[in-house]
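The listed protein sequences correspond, in order, to chains W and L.
The first sequence: position 38 = 346 (our numbering), numbered continuously.
The second sequence: position 61 = 67 (our numbering), numbered continuously.
Be aware that a few hints might be false.
On the chain W side, residues computed to face chain L include the following (Cβ under 10 Å) [said to hold, decoys possible]:
#, residue
1, L319
2, G330
3, D334
4, Y335
5, P336
6, D340
7, W360
8, T363
9, G438
10, Q446
11, K450
12, D451
13, L455
Think of the hints as simulated: they come from the structure by calculation, not from any bench.
Predicted model only: the values in this text are computed from it and were never measured.
The C-beta atom is built at its ideal place from N, Cα and C for all residues, glycine as well.
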Amino acid sequence: MTQDPDPHEALASIKAARSAIGRDLDYPIGWDFAYGAVLAAIVASQGLPSPWNTTVFIFCMLGVVLMVQWWKKRFGWWVNGYSPRRAGRVAWFLVAFMLVMMGLALWTRLYDGPVWMPWAAGVATWLVAGLSGRWWMQAYRKDLTELPQ
Amino acid sequence: MSAAPVFDALIHAPGRLQICAILSSVDAEFAMLRDAIKVSDSVMSKHLKQLEEAGYVKLTKAAENGRQRTWVSLTSAGRKAFAAHVAELQRLAEMTAPVPLGQGFSG
Chain W
309 MTQDPDPHEA
319 LASIKAARSA
329 IGRDLDYPIG
339 WDFAYGAVLA
349 AIVASQGLPS
359 PWNTTVFIFC
369 MLGVVLMVQW
379 WKKRFGWWVN
389 GYSPRRAGRV
399 AWFLVAFMLV
409 MMGLALWTRL
419 YDGPVWMPWA
429 AGVATWLVAG
439 LSGRWWMQAY
449 RKDLTELPQ
Chain L
7 MSAAPVFDAL
17 IHAPGRLQIC
27 AILSSVDAEF
37 AMLRDAIKVS
47 DSVMSKHLKQ
57 LEEAGYVKLT
67 KAAENGRQRT
77 WVSLTSAGRK
87 AFAAHVAELQ
97 RLAEMTAPVP
107 LGQGFSG
């Protein structure tokens with residue numbers, strides 16, 4: 309790029325710099341397993357009596373902090389907000405799914421629902437969260453090929 | 007991008023433009039940014055100093071395994087300035103867009 313890039317050059321350079329962030333990103337499948345497990349534990353613990361639900365939640369938050377630290381150390385970056393585009397839609401899908409699953413797990417605790425319900429909600433969350441992690445990354449990579457909003 | 011178009015000469019320099027482009031999506035470590043825009047440590051430091059003095063980036067030092075690592079993020083002012091600069095680049099690019107074949111002046 310020239311020292312005083314014309315608008316076309318400058319816009320192309322912005323797109324290139326953004327899309328390079330995640331292009332060669334290769335993270336282990338263990339990340340998806342761990343990410344799904346943490347969210348699954350948050351969901352399933354809603355079916356536990358106090359203080360166990362809070363205790364599990366605190367441990368899960370510690371797990372999230374450790375995962376973020378691992379990622380930052382390994383790749384040298386961390387997403388600083390939610391994209392309003394494709395990746396944002398994936399994130400909202402996961403939030404909505406988790407809320408429904410948490411509601412099902414809470415049902416067991418508050419209204420004597422089936423004992424297996426929190427477990428089933430946890431397993432479903434583990435699968436969906438693990439898969440949607442990869443889906444989110446794919447969407448995020450696409451978002452990065454465009455100009456920022 | 008809905009920001010009012012404003013050209014920012016500080017951001018427009020090639021290295022700083024790429025730094026701001028990366029930081030518009032992620033917070034990044036000094037070494038990651040340096041490798042991404044392919045410059046030396048000293049050039050990178052100079053770019054970051056200029057952006058920091060303008061209030062566009064925030065530098066955070068964090069100790070890790072006995073090493074000091076510097077993390078860089080765009081401030082709210084930096085985010086606004088970059089958005090306005092991109093809007094201006096888009097406006098200028100539209101004005102200078104090449105005329106598609108068959109739609110130019112004839113006669």
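Now for the hints, and whether the structure bears them out:
Given hint, L319/W at the interface with chain L, holds; its Cβ is 5 Å from that chain's nearest Cβ, closer than 10 Å. The beta carbon of G330/W is positioned within 10 Å of a beta carbon in chain L (closest approach about 9 Å), and the interface hint is therefore held. For D334/W, the interface hint is violated, the least distance from its beta-carbon to any beta-carbon of chain L being 15 Å, above 10 Å. Contact between Y335/W and chain L, as hinted, is not supported at the beta carbon level, the nearest pair being about 14 Å apart and thus beyond 10 Å.
Using the Cβ-Cβ criterion of 10 Å, the hint placing P336/W at the interface with chain L is not satisfied: the shortest such distance is roughly 19 Å. Taking 10 Å as the C-beta contact cut-off toward chain L, the hint placing D340/W at the interface is violated, the least distance being around 20 Å. For W360/W, the suggested interface contact is broken, since its CB lies about 34 Å from the closest CB of chain L, more than 10 Å. Given the 10 Å rule on beta carbons, the hint for T363/W is violated: about 29 Å separates it from the nearest Cβ of chain L.
Taking 10 Å as the C-beta cut-off, the interface hint given for G438/W is violated, the closest approach to chain L being about 23 Å. A hinted interface residue such as Q446/W counts as satisfied when its beta carbon comes closer than 10 Å to some beta carbon of chain L; here the least separation is about 15 Å, so the hint is violated. The criterion of a C-beta within 10 Å of any C-beta in chain L is not met by K450/W, whose closest approach is roughly 12 Å, and the hint is violated. Given the 10 Å rule on beta carbons, the hint for D451/W holds: about 8 Å separates it from the nearest Cβ of chain L.
Satisfaction of the interface hint for L455/W is found here, the shortest Cβ-Cβ separation to chain L being roughly 6 Å, below the 10 Å cut-off.
Of the numbered hints given earlier, the model fails hints 3, 4, 5, 6, 7, 8, 9, 10 and 11; all others are met.
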